[in-house]
Amino acid sequence: MLAPGAPPEGLPVVELTRGGVFLRAESRLPAVRTVVKLVLSHPSLRGDVEVEGEVVRHVTPAEAEAWHTAPGFGVQFQGAAPEARAAIGALADEVRRDTPRPAPPPSRE
Numbered sequence: 001m002l003a004p005g006a007p008p009e010g011l012p013v014v015e016l017t018r019g020g021v022f023l024r025a026e027s028r029l030p031a032v033r034t035v036v037k038l039v040l041s042h043p044s045l046r047g048d049v050e051v052e053g054e055v056v057r058h059v060t061p062a063e064a065e066a067w068h069t070a071p072g073f074g075v076q077f078q079g080a081a082p083e084a085r086a087a088i089g090a091l092a093d094e095v096r097r098d099t100p101r102p103a104p105p106p107s108r109e
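Using this note's numbering, the letters of the sequence shown map in sequence onto residues 1 to 109.
By construction, these hints were calculated from the structure, which means they are not laboratory data. Hints are supplied without guarantee of correctness; some may be wrong.
Computed Cβ-Cβ distance ranges for the label pairs, DEER-style [as the list claims (entries may be wrong)]:
no. : residue 1 : residue 2 : range
1   : Q76       : S44       : 14 to 24 angstroms
2   : K37       : H58       : 14 to 24 angstroms
3   : A86       : S27       : 32 to 42 angstroms
4   : R46       : A66       : 35 to 45 angstroms
5   : A84       : A6        : 15 to 25 angstroms
6   : R57       : R85       : 20 to 30 angstroms
7   : V56       : P8        : 14 to 24 angstroms
8   : H68       : P4        : 30 to 40 angstroms
9   : R96       : R46       : 12 to 22 angstroms
10  : A86       : A62       : 32 to 42 angstroms
11  : G47       : W67       : 31 to 41 angstroms
12  : R96       : G5        : 26 to 36 angstroms
Glycine included, C-beta positions come from ideal geometry on N, C-alpha and C.
Based on the sequences and whatever the hints tell you, model everything.
Next up, the structure:
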């Protein structure tokens with residue numbers, strides 16, 4: 001990730017959709033509405049995918065603990081080239097297929 005005024009930083013992806021990504025980060029969260037440049041890398045991609053996006057959400061470590069989730073921030077993709085959108089969409093679909101579905105709730109019989 002490249003954010004204005006900050007050195008490049010590699011952050012793990014917690015969730016990827018066709019429209020954005022949630023990145024795990026404990027500190028130094030870019031301000032909401034900051035435009036960041038991301039370079040997505042994954043073995044199933046033909047190469048790195050560069051895309052810009054706007055930071056739209058923060059989850060602080062305290063919120064993450066209370067919500068049983070990862071701390072970090074969400075980025076909504078903006079103006080991605082058609083090739084980048086296609087690659088992100090295919091990767092998001094692949095990740096979703098590989099994610100196990102939650103167990104159904106117990107029956108109340």
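Consistency of the hints with the structure:
no. : hint                            : result
1   : Q76 <-> S44: 14 to 24 angstroms : holds, 23 angstroms
2   : K37 <-> H58: 14 to 24 angstroms : holds, 19 angstroms
3   : A86 <-> S27: 32 to 42 angstroms : holds, 34 angstroms
4   : R46 <-> A66: 35 to 45 angstroms : holds, 40 angstroms
5   : A84 <-> A6: 15 to 25 angstroms  : holds, 22 angstroms
6   : R57 <-> R85: 20 to 30 angstroms : holds, 21 angstroms
7   : V56 <-> P8: 14 to 24 angstroms  : holds, 21 angstroms
8   : H68 <-> P4: 30 to 40 angstroms  : holds, 32 angstroms
9   : R96 <-> R46: 12 to 22 angstroms : holds, 20 angstroms
10  : A86 <-> A62: 32 to 42 angstroms : holds, 38 angstroms
11  : G47 <-> W67: 31 to 41 angstroms : holds, 35 angstroms
12  : R96 <-> G5: 26 to 36 angstroms  : holds, 34 angstroms
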